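Engineer: When you get a sec, could you build the whole thing from the sequences and use the hints?
In the order they appear, the protein sequences are chains W and P. Take the first sequence: its letter number 40 is residue 39 in numbering that gives the first Met the number 0, and every next letter is one higher. Take the second sequence: its letter number 260 is residue 259 in numbering that gives the first Met the number 0, and every next letter is one higher.
Please note: incorrect hints may appear among the correct ones.
[Claimed, not checked] Restricting the straight-line Cα-Cα distance to at most 27 Å, the calculated cross-link-like pairs of lysine-lysine (DSSO-like) are: (1) 2(P) to 117(P); (2) 89(P) to 3(W); (3) 173(W) to 2(P).
[As the list claims (entries may be wrong)] Restraint-style ranges between C-beta atoms, simulated for each label pair: (4) 100(W) to 57(P): 26 to 36 Å; (5) 45(W) to 124(P): 19 to 29 Å; (6) 127(P) to 182(W): 20 to 30 Å; (7) 257(P) to 20(W): 49 to 59 Å; (8) 85(P) to 125(W): 51 to 61 Å; (9) 241(W) to 134(P): 30 to 40 Å; (10) 15(P) to 43(W): 53 to 63 Å; (11) 126(W) to 132(P): 57 to 67 Å; (12) 241(W) to 123(P): 26 to 36 Å; (13) 182(W) to 41(P): 49 to 59 Å; (14) 181(P) to 163(W): 54 to 64 Å.
Treat the hints as calculated values from the structure; they're not laboratory data. In this text, all values refer to a predicted model and were calculated from it rather than measured experimentally. A virtual CB, placed ideally from N, CA and C, is assigned to each residue, including glycine.
Take a look at the letters that make up each chain.
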Amino acid sequence: MATKIPLPLILLTIAVYIFLVGPLIIVLGASVSDTTYLTFPPQGLTLVWFERIFEIGAFRRTIVTSLQLAVLATALALIVGIPAAYALNRYRVRLPTWLSTVFVLPILVPEIVLGFSLLKSVAVGASLPIFPTLLIGHTLLVLPYAVRVISASLASFDFSIEEAAISLGSPPAKTFFTIVLPNVRSGVIAAFILAFITSINDVSTSLFLTGPGISTLPIQILAHVEQFFDPVIASVSVLLMLLTVAVMAIVERTLGLTFLTK
Amino acid sequence: MLKRHIGWWLALPATLLVALFLILPVAATIGSTFGEGGGPLAPYISFLSSGFRRTVLWRTLEISLATTAISLVLGFLTAYVVSRAPRNLKSLLIIAAVFPLLTGVVVRSFAWLIILGKNGILNNALMALGITSEPFAMLYTQGSVIVAMVYLFTPLMILTLVGVLENIPDDLIQASASLGASPGATFRQVVFPLAVPGLIVGAVLVFTGSFTSYATPQLLGGEKQMVMGTLMYQQAMVNFDWVSASTIATIMVVITIAIVLLMTRLAKRLNPMAT
Numbered sequence: 000m001a002t003k004i005p006l007p008l009i010l011l012t013i014a015v016y017i018f019l020v021g022p023l024i025i026v027l028g029a030s031v032s033d034t035t036y037l038t039f040p041p042q043g044l045t046l047v048w049f050e051r052i053f054e055i056g057a058f059r060r061t062i063v064t065s066l067q068l069a070v071l072a073t074a075l076a077l078i079v080g081i082p083a084a085y086a087l088n089r090y091r092v093r094l095p096t097w098l099s100t101v102f103v104l105p106i107l108v109p110e111i112v113l114g115f116s117l118l119k120s121v122a123v124g125a126s127l128p129i130f131p132t133l134l135i136g137h138t139l140l141v142l143p144y145a146v147r148v149i150s151a152s153l154a155s156f157d158f159s160i161e162e163a164a165i166s167l168g169s170p171p172a173k174t175f176f177t178i179v180l181p182n183v184r185s186g187v188i189a190a191f192i193l194a195f196i197t198s199i200n201d202v203s204t205s206l207f208l209t210g211p212g213i214s215t216l217p218i219q220i221l222a223h224v225e226q227f228f229d230p231v232i233a234s235v236s237v238l239l240m241l242l243t244v245a246v247m248a249i250v251e252r253t254l255g256l257t258f259l260t261k
Numbered sequence: 000m001l002k003r004h005i006g007w008w009l010a011l012p013a014t015l016l017v018a019l020f021l022i023l024p025v026a027a028t029i030g031s032t033f034g035e036g037g038g039p040l041a042p043y044i045s046f047l048s049s050g051f052r053r054t055v056l057w058r059t060l061e062i063s064l065a066t067t068a069i070s071l072v073l074g075f076l077t078a079y080v081v082s083r084a085p086r087n088l089k090s091l092l093i094i095a096a097v098f099p100l101l102t103g104v105v106v107r108s109f110a111w112l113i114i115l116g117k118n119g120i121l122n123n124a125l126m127a128l129g130i131t132s133e134p135f136a137m138l139y140t141q142g143s144v145i146v147a148m149v150y151l152f153t154p155l156m157i158l159t160l161v162g163v164l165e166n167i168p169d170d171l172i173q174a175s176a177s178l179g180a181s182p183g184a185t186f187r188q189v190v191f192p193l194a195v196p197g198l199i200v201g202a203v204l205v206f207t208g209s210f211t212s213y214a215t216p217q218l219l220g221g222e223k224q225m226v227m228g229t230l231m232y233q234q235a236m237v238n239f240d241w242v243s244a245s246t247i248a249t250i251m252v253v254i255t256i257a258i259v260l261l262m263t264r265l266a267k268r269l270n271p272m273a274t
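Structural biologist: Set out below in structure tokens:
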């Protein structure tokens, strides 16, 4: 028997969901409108604004930069994050408790402060070029996802299976790749997806590390909105939403979306 | 030797990354505000003695508090319904909350530009309905920033709280009802106290997120509604006043960490499930 929910609460929930989904539908509508200004409902149907995205050089360049950054930062975060998550779970008793706090720091420090500090210390102070600095920033930004999500799946892994394999003569490294990693595959996928999406959408950390020479898509969108208020922005937004849909489809097929509420 | 410290070696690359590129640079930013002439606290005194900057600080706190309060109420009530919904509907509702969350801040803030603009959807609708003959100036007000921020953070609140509320056994709610409590009383006396730790976690996420945000106040508030994030950007990249920007950065870090520490302590104390 389910709990009875009062009608006003149900109505409020419906209103909240209209509030959550409505604005995104409006963006979708505005992106196919046959007008040169942003409007909703769409006045006619056209896909010309989607073509226009790729005609504008700044968008083409920033889309490429953003994808490169997201893939590289996610890969780097997984390469350093998986061993860290493994160590935190496998050698819990031998490591100090503060070590796990270190990997939460990138969440505690405001993103905008991280971006500014990297500009001062790394880009200007150590004169590192912009792209590597951006990459460092994004890697730090997504590292907590790698460590925490993979830690969560390692927490339910029974390390005695690993010990059994090692005691039967399997080398430790091989054991890790054939026994441990496949068992936390879903955690790795989840970490990858969350990290990728976080990097693609980041504004605050990238803000200080981009400029006329190199920029990311969200920063370019911000700059474009301030100059031209046209449906191209709506169509770029729809592209980003399609990316989200693709990501959600992958999550749904591999893990089920309810893991996000755990 | 290597074998005994293997745990350390495995965690080392990630630890180094955080130490070198997060702790050191942020410490340098904070440190740079203390070495200036005119006493160790000079940049802070100068920050607080400027009426404009005080206004920005208060405005940011106001917007963050309002955003936290509104999304807390909306998120909690919605999450309660979602957590008690039948399985299929629940998945659908969770997907509908995750989707906006995974859609970037810029896209979601931009949506409100289309809605709240002078020739925006809301103004067109109000004029079509004859409620007003002239468009309202809704953009670049504190209200528009708060609406867009509530929009950003409500899904986060729902997802945080659904997990917490799902863990409250249905039996407990049934028991309360069968002992004669009205649904309202059950909600207030059983569900709410058990959800308090989750509410605190959600509130911390939303408050710190909105206190340090940039894109939303920039798009919907502009110069008129300058907040700490946009002021910091202006100081650093327009005025090239890095000391002032670092001072703002330090204030943000201190407030964020203070709130997190305070609230986690409070959450621990208020957790009725804790043993």
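Engineer: Look at the Cβ atoms of residue 181(P) and residue 163(W) and judge whether their distance stays inside 54 to 64 Å.
Structural biologist: 56 Å, holds
Engineer: Should the hint that residue 85(P) and residue 125(W) are 51 to 61 Å apart at their CB atoms be regarded as holding?
Structural biologist: 56 Å, holds
Engineer: Range first: 57 to 67 Å. Now tell me if the beta carbons of residue 126(W) and residue 132(P) are that far apart.
Structural biologist: At roughly 59 Å between Cβ atoms, residue 132(P) and residue 126(W) fall inside 57 to 67 Å, so the hint holds.
Engineer: Taking the Cβ atom of residue 257(P) and the Cβ atom of residue 20(W), is their distance within the range 49 to 59 Å?
Structural biologist: About 36 Å separates the Cβ atoms of residue 257(P) and residue 20(W), which means 49 to 59 Å is violated.
Engineer: If I claimed the Cβ atoms of residue 100(W) and residue 57(P) lie 26 to 36 Å apart, would that claim hold in this structure?
Structural biologist: Given a distance of about 32 Å, which is inside 26 to 36 Å, the answer is holds.
Engineer: Could you see if the CB distance from residue 45(W) to residue 124(P) stays within 19 to 29 Å?
Structural biologist: 24 Å, holds
Engineer: Does the structure keep residue 173(W) and residue 2(P) at a Cα separation of 27 Å or less?
Structural biologist: Answer holds: residue 173(W) to residue 2(P) is near 16 Å, not above 27 Å.
Engineer: Do residue 127(P) and residue 182(W) keep their Cβ atoms within the hinted range of 20 to 30 Å?
Structural biologist: 59 Å, violated
Engineer: Against the 27 Å threshold, does the CA-CA distance of residue 2(P) and residue 117(P) hold or violate the hint?
Structural biologist: Violated: residue 2(P) and residue 117(P) sit about 67 Å apart, past 27 Å.
Engineer: Does the Cβ distance between residue 182(W) and residue 41(P) fall inside 49 to 59 Å?
Structural biologist: 56 Å, holds
Engineer: Do the Cβ positions of residue 15(P) and residue 43(W) conform to the proposed distance bound of 53 to 63 Å?
Structural biologist: 56 Å, holds
Engineer: Does residue 89(P) pair with residue 3(W) here, judged by a C-alpha cut-off of 27 Å?
Structural biologist: Answer holds: residue 89(P) to residue 3(W) is near 15 Å, not above 27 Å.
The structure is inconsistent with the numbered hints 1, 6 and 7, although it conforms to all the rest.
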